[in-house]
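Novice: Assembly of the complex is requested from the two constituent chains, each provided in isolation within its own frame, with the hints serving as guidance.
Protein chains in written order, with our numbering: chain A, 831 to 1522; chain B, 802 to 1130.
Simulated from the structure, these hints should not be mistaken for lab results. Any given hint could turn out to be false.
Unchecked claim - What follows is a list of derived Cβ distance ranges for each label pair:
1) A:Glu940 / B:Ser825: 16 to 22 angstroms
2) B:Leu904 / A:Glu1139: 40 to 46 angstroms
3) A:Pro850 / B:Val926: 40 to 46 angstroms
4) B:Leu904 / A:Ala890: 32 to 38 angstroms
5) B:Leu886 / A:Glu940: 39 to 45 angstroms
6) A:Asp895 / B:Thr844: 40 to 46 angstroms
7) A:Arg1235 / B:Glu1052: 50 to 56 angstroms
8) B:Leu904 / A:Glu1250: 31 to 37 angstroms
9) A:Lys852 / B:Leu904: 39 to 45 angstroms
10) B:Pro1023 / A:Glu940: 54 to 60 angstroms
11) B:Leu907 / A:Pro850: 54 to 60 angstroms
Think of the CB as a built atom: it goes at the ideal place given N, C-alpha and C, for glycine as much as any other residue.
Here is what each chain is made of, one letter per residue.
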Amino acid sequence: MTEVMPPRALGQSPRRVDGPAKVTGTAPYAGDQRVTDPAYLELVQARVARGTVTGVDTTAALALDGVLAVLTPDNAPTLASTDDAELDAFRHEIGFRGQVVAAVVARTREIARQAAGLVRVEVDEHPHDVHLSADRDDLRAPEEVNAGFETDTDQGDVDAAMGEAAFSVDETYKTAWYNNNPMEPHTTTAQWTGDWLLLHDSTQGVHPTRETVAKVLGLDPEHVRVVAPHVGGGFGSKGTAHVHVVVAALAAQAVPGTPVKLALTRQQMFSLVGYRTPTIQRVRLGCDAGGRLSAVAVDVVEQTSRIKEYAEQTAVSSRMMYAAPNRRTTHRLAVLDVPVPSWMRAPGECPGMFALEAAVDELAIASGVDPVEFRIRNEPDVDPDSGKPFSSRNLVACLRDGARRFGWADRDPAPRVREEAGWLIGTGVASSTYPVNSMPGSVSTIRYVIPGRYRVEIGAADIGTGTWTSLAQVAADALGVPFEDVEMQIGDTALPNASVAGGSSGITSWGSTVVATARAFREKFGDDPDEGDEMTGEMPEASGDDYAMHAFGAQFAEVRVHVDTGEVRVPRLLGVFAAGRIVNPRLARSQLVGGMTMGLSMALHEESVLDERFGHVVNHDFAEYHIATNSDVPNVEAHWVEEDDPHVNPMGTKGIGEIGIVGTAAAIANAAYHATGVRVRELPLTLDHFLD
Amino acid sequence: MIPFDYERPSDVDGAIATATSRGSVAFLAGGTNLVDRMKLGVTEPELLVDLGGLPLDDVEELPDGGLRVGATVRNSDLAAHPVVLRDYPVLARALLSGASGQLRNLATTGGNLLQRTRCVYFQDVTTPCGKREPGTGCSAVGGSTRQHAILGASERCVATHPSDMAVAMAALDARVRVRGPEGERVIPLVDLHRLPGDEPERDTVLSGGDLITAVDLPPLPPGTRSLYRKVRDRASFAFALVSVAAVLRVEGGVVRDVRIALGGVAHKPWRATTAEEELLGGPATEEAFRRAAELELAAARPLSDNGFKVPLARNTIVAALRELSLEER
Chain A
831 MTEVMPPRAL GQSPRRVDGP AKVTGTAPYA GDQRVTDPAY LELVQARVAR GTVTGVDTTA
891 ALALDGVLAV LTPDNAPTLA STDDAELDAF RHEIGFRGQV VAAVVARTRE IARQAAGLVR
951 VEVDEHPHDV HLSADRDDLR APEEVNAGFE TDTDQGDVDA AMGEAAFSVD ETYKTAWYNN
1011 NPMEPHTTTA QWTGDWLLLH DSTQGVHPTR ETVAKVLGLD PEHVRVVAPH VGGGFGSKGT
1071 AHVHVVVAAL AAQAVPGTPV KLALTRQQMF SLVGYRTPTI QRVRLGCDAG GRLSAVAVDV
1131 VEQTSRIKEY AEQTAVSSRM MYAAPNRRTT HRLAVLDVPV PSWMRAPGEC PGMFALEAAV
1191 DELAIASGVD PVEFRIRNEP DVDPDSGKPF SSRNLVACLR DGARRFGWAD RDPAPRVREE
1251 AGWLIGTGVA SSTYPVNSMP GSVSTIRYVI PGRYRVEIGA ADIGTGTWTS LAQVAADALG
1311 VPFEDVEMQI GDTALPNASV AGGSSGITSW GSTVVATARA FREKFGDDPD EGDEMTGEMP
1371 EASGDDYAMH AFGAQFAEVR VHVDTGEVRV PRLLGVFAAG RIVNPRLARS QLVGGMTMGL
1431 SMALHEESVL DERFGHVVNH DFAEYHIATN SDVPNVEAHW VEEDDPHVNP MGTKGIGEIG
1491 IVGTAAAIAN AAYHATGVRV RELPLTLDHF LD
Chain B
802 MIPFDYERPS DVDGAIATAT SRGSVAFLAG GTNLVDRMKL GVTEPELLVD LGGLPLDDVE
862 ELPDGGLRVG ATVRNSDLAA HPVVLRDYPV LARALLSGAS GQLRNLATTG GNLLQRTRCV
922 YFQDVTTPCG KREPGTGCSA VGGSTRQHAI LGASERCVAT HPSDMAVAMA ALDARVRVRG
982 PEGERVIPLV DLHRLPGDEP ERDTVLSGGD LITAVDLPPL PPGTRSLYRK VRDRASFAFA
1042 LVSVAAVLRV EGGVVRDVRI ALGGVAHKPW RATTAEEELL GGPATEEAFR RAAELELAAA
1102 RPLSDNGFKV PLARNTIVAA LRELSLEER
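Here chain B stands alone, though its shape is the one from the complex (with noise of 0.2 angstroms):
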């Protein structure tokens, strides 16, 4: 590890005039990913700015009956909150099942989002990476890659997204309020993270001094089920093969309104919109649910180790539509 600097802002504007004022910077929150990766030397920051002095660590729940979530929320109370208990089970089933329950505890909401691929090259700095060092290529290709994307994936990177909590916040069509050196923007979760195109090194369209200060979720009608179902090669404690976040509103038989996104199979958490326009107004159905799940998967491109993931997420898929079905009837 080599020396860094280390600040502990007391406000928002006091924390994005430290981070811009240095080449270098790292906003410190639950320090869960960012202190390994130091200790690794994949990232070595001239300067931490620790944001756990900043008023953002309320949950506040909106006129419209969302909630807001503060960026240093951590996820273990997010978990435990009882609105989300209550509205959001996609979101606390995905927040307990990501890391440990030590872990869950200092990690927060933000940082969550912000963490970085474990894929096993980027986070070795005796292998080649385009992520981590622009224009080296990427190891993983013909390498080891059962962790690996399957879709939306470049030649310079197939690395995936590590989080479980922004999985299911993609399909809650969470908005991420974000302030910079120009001021507040919102930007849906959707559009937060990459894909690796020819720039892996970016992970998300956030550039230097921009905070994440809260993420909003929109309330969910009236009947609408969720769940979130996430598999893995052990039963705790590992990152997701797939994981399948869905919301499902089904009336009659009619599916009213579905959103599905997939965990571990991109750079990004991965939003299903060709099966949820497949699903949209249909029939509610195993064959249905079949048919859109192998649509969206019709563009996978898996690699070496990883075409299982093909089959694997079309059946968890199917499996959570089916669950959240039954439930309604």
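Just chain A, same shape as in the assembly (with noise of 0.2 angstroms):
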């Protein structure tokens, strides 16, 4: 057990401490760091999805005033470490349409651009293969999916407890490929000063990014820093470096003394930075006449490119969900010639609780239980998976309270006997989860400046999550001292290590670190420290594995269907999250509306749609495809119950940055259902599917 700090600052909602600057546009991005004199880079892409480069004639774009480089597989520098496919700029096989291939270096952006279209890039193509289907027979089972879990697990007999259920279900459920969109398009600026180089990159890690940069161009890591205060959006796309940071580091590299600006288009963006694969996944369920799971089986089928594995851990949610003795989970890879996967918000989660979510709606439907009580009726004792007790699992409360605030109770499960104006409505729910996430290695500074004024230092990342304001709170109330006391200073590989913000281990891991770096501040120096004094700290080990931890919740949602035109709106989202201690309620509503909102976002609108002839996403900008509008989104609630958990961390805190978005796309399916009488079980839930 972690000793739980007592809280003041934590609990409170202090305004963003980088509000004013960021309302004023004066906060500054990785594309607004004011260098003297840039260059710009733009990059020539792929347009076939699996060739041999044979030749690049750069004539023309040199020829053009105002280039300064062009960067080829034939003249690009040789990379120390080619590990990582994805990372090899410019190589001369091409794994998926839009790799990079070229990259043009220029005084301006325009120019940049003419130039990279003047490249011409001769390509021996060969034939590709772009199709995902449960159907091929080359499915591959990886050595392990994302985050380290298990490819299967099979415990019991499912085959054996389906065909003796009362009720089953069994049944394939579809997520599209999701393209991640943060505000803010991957942007770096990179310098070279001797073999020194500076990037300002929107980056969700300066520490991991520098550590990829420098074993790919064989720097020694001290002699690269990573600078990114402020960053628009990541959603997982800026949780690793992509190329393009090796790209704009190498074309700085061509022109000494010259930094080199890269902005990513929003084009460039559906084939660059990762993005959440396309799942198909068969469900099968068997409960008793009571309502009662006896088997759990989800069999995933996703997609990973030939060049680099990325297995999304899909079906893991589902070993540890609900209490039922025979279980079974295996996910298996089509390799694809498109571009490489990666995170995109609670990945596995997302998807996989799509499926398992609507599956439990079609068996507590089929089994005559109300959906919120068959779920209350399945509530494990320890976690299903493990065997290991939750160090506290709230789901039922979350249920319960989501019930209460949304009217549940006077319900009536029929499907579309409900119309007003031409509008068919509906409600329904769903659970959602997400793990405990810790990460090792952050290291924290925390120095007494002047009097009454604490500098704490650490290289965290503020995704617009609101780590500048969050952390203050956790550093305030290690060192006993008003929030207004602590200045943060983050976001810098100048400052001590710190590890990713991903996985929503944001809070876990830097605020555990500020926590025992304080304790061990006030230790040595006590309550009253003379100016300088300094005191260093690491993350501590992770207190132990005796237990599974994670956080819980329930949403829920109102959903209209037309009855002409099938058109679906959501005009109501509930959500109630049992996620541990709420460090800031002003944030904490934000980051869940958000999650909720993408998650709607992916239930109605979102889809990268794959022409299998080229390889390539087609509607790749924001006029195709469609996210959510404010008109799509007119009420969306988030609540918390209060929830003490003496295992996670110092803080009591469980991440709040994913669960947002797990299950909010089952509970709309789940309504769409209850409004129409029409079961999808593909995303997105578009009118088609609704009309007669």
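Specialist: Here you go:
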């Protein structure tokens, strides 16, 4: 058990300390950094999905006034490490359409773009294969899936349990290909001074980016500085360095002394910065006459790229959600000539909980048990997967509180019986969950700079989540001083090492580090330190592996489907979460509402449409890749239940960046069924599914 | 973006003379579509002729009770014009359902008519497109066609015209005033845009140096009602999957005047003349509306991804006429 701090600043809602800079447009994002006389970089991308670059004619591009350099597979410097094929910039071998094959450095962005259009790339094109199907005979089992989980699990006898079940569901659910679209595109400003490299990069982790770039370029990490004080969203796509960072560094090397700026276009983001794999999930559930689950089985087929494996852990959450003696999960990959998939907000849980929670709704209806009650009946005593106790688990409290707030008790379970002014109305529920992740390796320094002022240094990231503010709250309570007495320094590798802002692990990891440092500071210097007193501390070893640690939630949706046109609208979303102690309710509400909104967008709108003939996402801009607008999101409420978890960390927090998106799409699909009587098992829920 | 020249003439004849002086010229009005295309490399004019200095930004009430809308009147201004709000609700609704507030503040009447398709293959210079580069075929056929045409397409092009405003104007029997090197002429709006046929690169019947100066809206007889219904994949800021502009006058349960135009289904605003002929003089009933819509859509040739547009267009036509006829009672 960890010693949980008594809250003072924790639980309060100080305003964002970075707010004034952001609303006045003075917060320096990666592309806004003032550098002297920069050059601009434009990428030349492969127009085939598979092939070999046999030649690049740069004559016309170089002849253009203002062009400084053109990098190609034939002249680009050799990289120190090509272990990660995604980062192997300027390969001759093309592994997906959109891969970077050349890059132009020029005096202006416009000249760079014009010159990029003049670069002639000769390619020996090979047949490509981008077709995802569960029927392929070459599906591969990965060694493990993302975050180090087992590929397959098998407990009991699912087939026998399905045969004996009073009620069962055996259906296939599909989620679409989704692309991360943070508001700020991936942007890098690179500058060399001798053999020192400075990167202003839009990243979820300055230190991880430094490690990656140093390895690929063969540099001493101490010779690379990465700066990112503000990041305009990432959703996982900025959690690892992608090839554009390497390209920017190489381009700047080609024009020594000149800083080089690269901002990906929206279109380029659809092939170069990761995305959520589409999934095909066969879900089998069986239960007894009372609605108690006897079998849970999820078999997932998804895709990875031929050049680099990424295996989304889609079925992992179904291993621990509900009690059932017979359980089985599998993950299989189609290895395709597609861009490299990666993390997107709640990888695994997000697509996985769509399928599981839609199937649970179907089984609840089949067994005649109310969907909220069905979930409560299947609440496990311990983690069904590991057998460990939960550090805390308040799914039932979330379901009950949500049902009360939403007005679930009056619900008529019959589908397609409510209509108002041409709109069929329904309601639905789904559970959500997200693990409590903790990353090793963070370090922080606390210095008493002047009387009444503590400076806390750690290379943490604020990707719009509010770290500047929430981490200061943690530090203030750990030091036992007012919030105003703490000054944070984050987002720079010149500061002590910090782990990535990923897996909703930021506050857990950085906060635990800051608390450990503060306690050591107080131990050494007491409550009345001298100016200049300073302490450096490290992230404590994980407190042990005795508990299963997860956040939970319940999502409720009202859906309206138009009788004539099939248009789908979600007038109300309501989520209740149990995610440990909430550090800053104002910021937390934004995270949860944002996650739920992204889940709504996933349910109704978002879909990257692959043209298999070319191998690329054709709707690669905001006109055609639809993200929910304000008009689509009239009312989203996020609430939480009080939860004291003494096991997670000294703050008692669980992480809230991702759980908001988990389960939302299932709640909406379940409500759409209740409205219309039409069960749609693939996302998005476009109007054509509901047309008569 | 490649370099280009820029001129800003102050009168219409000067604009036309400037435009005919060079081979590759584009008129710049609001720029909301042209500038995007230039950034994408879809359109690469040598010369931009900015129409912002021309005296074409007035809405004038005509002696017959109609309206003359200048070519550079902004979409947001036209949507808020009191006569449009009072007499042409179909047009106000169409304008307000298009784009976003910021775009409507810039977009103009003439520019809206002449905006080009947002077909994803047309907009992407890395995929073949005969509308962008004549003779290179149509990538949409056999590709992603959710947004594409079900009526009047050819194997050379299955793109749709993206305008909402033009659909409403088609239903209003608007007339387009055009000035060109040969002088002035008036083109019925329904004849301004072309079907793709063998020349998908030609969106309209206009040729080099032709400049739209105004759109005339004839008056509607008393008792005529109109509306615009746009169906799309999200509640705002999306192009129509199907839209319906409907103008209806019913007397004693009998259809005395009906005009229906469809958006999102063809290379041009699609005037549903077959349905209109079926309805005119007949009963204003749900069954009649449905039969007329089905007759109109009998010619539909849906593609791999857009078969749903046929029932969607049918249902939306019926719903629009139902709503207008209910108002009548």
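Novice: Just pull the numbers of the violated hints for me, sorted ascending.
Specialist: 6, 9, 11
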